[in-house]
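Please take these sequences and the hints and turn them into a complete structure.
Protein chains in written order, with the working numbering: chain E, 1 to 665; chain B, 1 to 172.
Accuracy of the hints is not assured; some may be wrong.
Unchecked claim - Computed from the model, here is a short list of chain B residues facing chain E with C-beta under 7 Å: (1) L6; (2) S13; (3) V17; (4) I19; (5) L20; (6) W77; (7) S110; (8) Q114; (9) R115; (10) S117; (11) A118; (12) V123; (13) G137.
Honestly, the hints are just simulated from the structure, not real lab data.
Keep in mind it's a predicted model, so treat the numbers as computed, not measured.
Glycine residues also receive a C-beta, built at the ideal position from the N, C-alpha and C atoms.
Here's the letter readout for the chains.
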Amino acid sequence: MIASLGRILILASLLASAAGALIGFYAGRTRSAEGLQWARRFAYFYALLIIGATMLMVYALLAHDFSVSYVAQVGSRAIPTWVTIVSLWSSLEGSILFWGFVLGAYIAAATFFTRGQYAEYQPDAIGVWLACAAFFSFLIAGPANPFLTVPNPPLDGPGPNPLLQNHILMAIHPPFLYLGYVGMTIPFGFACAALIKGRLGHGILKPLRESLMLPWIFLSLAIMLGGWWAYEVLGWGGYWAWDPVENASLLPWLTATAALHSIMVVERRGILKGWTITLVQASFLLVLLGTFMTRSGVFNSVHSFTQSAIGPTILGFLGVSLVFSVALLAFRIDKLESEGNIEGAASREAMFLVNNLLFVLLTFTVLIGTVFPLVVEAVNGKQMSVGRPYFDSMVVPIGAALLFILGVGPALPWGRASREQVKKALLPPIAGAVLFAALGYVANIRNGWTLLTLAFGGYAAYVTFAQMFLPMLQRMKRGDGAGTAFVDAQLVRGRRRFASYLVHGAVVICVIAIAVSSTMRQTTELHFTKGQTQQASGHAVTFLGIEERQEPHRLSTIARFSVAREGKEVAVLEPRMNQYQMMREPIGSPDVHTTAGGDYYIALSNIDTAAQTVSITVFASPLVVWIWISVVFMGLSALFGLVPSRRRAAVAVREAMPDATPETA
Amino acid sequence: MNRTVLLVGIVISAVLVGILSVGLGKNPNEIRSPLIGKPAPSFALKEVGTGRTVDVADFKGKPVVVNFWATWCGPCWEEHPVLVANARMMQPNVQFLGVVFQDTEEKILSFLQQRGSAYPTVVDEKGKTAIAYGVGGVPETFFIDRNGVIVAKYNGPMNADAIRAHLDKVMR
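Here's what the structure looks like:
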């Protein structure tokens, strides 16, 4: 019953999106206002159908209706309710349905927020969005259908992949990733619409930038949450392993970050239009590549779902999207007129260009490292993997260069600058560089790259801080009080600028935390008998004993440790082995004591309940927590920058009505 | 029309889609090594801890499992307890042997002391043995039968099922 209803909803969503896409493109071609109205209606209708189908699946999961194939595959009466909800995206079919749900929400929101605006671009953008939607509805209706009817429903199911049940972060990471991934469809639609029209006018830049910024925020958080999850669950003390699928989430983030910067150059100088459009398209195409990588079984990774029939279908869609994007670009890029030139090497826009080139270089580096094993296999049939050494040796220098540009770029003025101006802008921040590097040296950091990162970070921190409050200081010079100046110059008028420097500040903290935590990590391996105390990284660790805890869906074997520093207990850590019903091997779960200065992390490597002995690995990593904090802060700052300024909107209205009273500041 | 954009775009697209389609329909863990069916290349590598020289040919007469790994490789950590448990169970009928490359003896020793070991581990200091076996990444595992012929190769961390399935092949 539920299964048939679900199939009907999915088929209807396929029809609605396909029809809406055709109408959108037709309306774009004929500039028909009525056509646009109908395209918008179909967009809402599609969203309604696909969201309805997803809600139906959630209902089936909660009701344990095992006659629905997906519920029979991942459902279980023994698991907690939150795991049941999470299981919506824990397996292939459900995750594609969830994709459709997020896409529906995005399309409805984008259609709503563009109402009455951008009429020139809107029909084609809706056409592109709904064409993508049609593809995913096709996937759900065909190769990845979660709503098949199970003729003889079982009484209970196996439950989702235990790794997903092991930590609450697994409930948060995938939705953020989907919000980031799927959201790239919206700017892709705007970019294609701009190409179809052959114009990237000022009007379209705002929706393009904002619709790119939102998924960028989600993707940033998703990447961080994925790393955090790996850190908290996998027990090897690190957060990033250059796993193909981790790379897959990083690739669109890199191009999107580049695009967010190049859009500013288009806004200010009217140049780099074709380049910006290409980056936006690339972000979407890399999302499809990432989806292919996780859903096709081609790559070997923790994230891989088993081999599935949808691999070729996604590859086909990726191919079509690539051809469509390349063709559009080739036929239209020359119509996007450049309105100027880069005037000098030491200018803000030149630094933007360098930033962009570095981001693209980084994208290619990671992309090549990720697909290289497939290239080798295609050429000589051998299989190989590209390891950490390649990525570290390639990515670290490019990353350091980007951090350098993050400092130098904002210090330089737009346009042509005199030698004196350049000197005045670039010399003082060296104090910051010296300070940070000296602090690092005092803190016993001897790794050259880490010290360089600190120096560049210090430089960038100086520039960022100085630039951040420049508008406020200018206001105060004119005689305003600090409070008024702060609210007006930073929070209201200069909100977007202020927000972007807050993001830069967070990036500096994040990069420093990554560099320090990965190069200064201390690893100690210890073997304990009950009651024994041993020293590791400045802490005394006492093994208190083993405890077993039976929960409905798992059996946990917990080793308890007391961690003391200078004679005082600072934490009791409980790393554990979780044995899930449906898995033969137990899953280890480390435990972490977090402080602002660093983490103390204990992972079990061996546990003997009978003899009451354990082997553990202790990781002491400085500053790790700042990675998570800085990325959250980065996301919040960017979000703050996106909030429309009410005053600016009010000013626009007043300007439109000549007899309104003039603004009083 | 911009021919450069068209050309560059087509080349990148064709290469990318071409490469990705090659990988479709294959199990990334299954290895088609040219060494399968050939005698296992012999070597003379130092055993960690004892300094004794070990060659795979020393174990002729019983099946051998050769596992290439390194302490810097995350998946190897995952795989290690599974290998040790199976070695304890299957030895002496099957000989397990670890070959570590791009690593230092000191790190390997402390790794083994803490995580347990049940079979000899040798260091491939110059990586020559890894090259002879065509190892592209770690972990990789070779299954060698009684006559010293490579029967199968596995790429990536093995679970208990994978080890048992492959052992069945060499035990026959």
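Tested hints:
Against a cut-off of 7 Å between C-beta atoms, the interface hint on L6 of chain B holds, since the closest Cβ of chain E lies about 4 Å away. Given hint, S13 of chain B at the interface with chain E, holds; its Cβ is 4 Å from that chain's nearest Cβ, closer than 7 Å. The beta carbon of V17 of chain B is positioned within 7 Å of a beta carbon in chain E (closest approach about 5 Å), and the interface hint is therefore held. Interface hint status for I19 of chain B: upheld, as the beta-carbon distance to the closest one in chain E is roughly 5 Å, under 7 Å.
At about 6 Å, the closest approach between the beta carbon of L20 of chain B and any beta carbon in chain E falls short of 7 Å, and the interface hint on this residue holds. Here the hint on W77 of chain B is kept, as its CB sits about 6 Å from the closest CB of chain E, short of 7 Å. Taken as an interface hint, S110 of chain B checks out: its beta carbon lies about 6 Å from the nearest beta carbon of chain E, inside 7 Å. Checking Q114 of chain B against chain E: minimum C-beta separation of about 3 Å stays under 7 Å; hint holds.
Proximity of R115 of chain B to chain E holds as hinted, the smallest CB-CB distance being about 5 Å (cut-off 7 Å). A hinted interface residue such as S117 of chain B counts as satisfied when its beta carbon comes closer than 7 Å to some beta carbon of chain E; here the least separation is about 11 Å, so the hint is violated. Taking 7 Å as the C-beta cut-off, the interface hint given for A118 of chain B is violated, the closest approach to chain E being about 12 Å. Here the hint on V123 of chain B is broken, as its CB sits about 18 Å from the closest CB of chain E, past 7 Å.
At about 3 Å, the closest approach between the beta carbon of G137 of chain B and any beta carbon in chain E falls short of 7 Å, and the interface hint on this residue holds.
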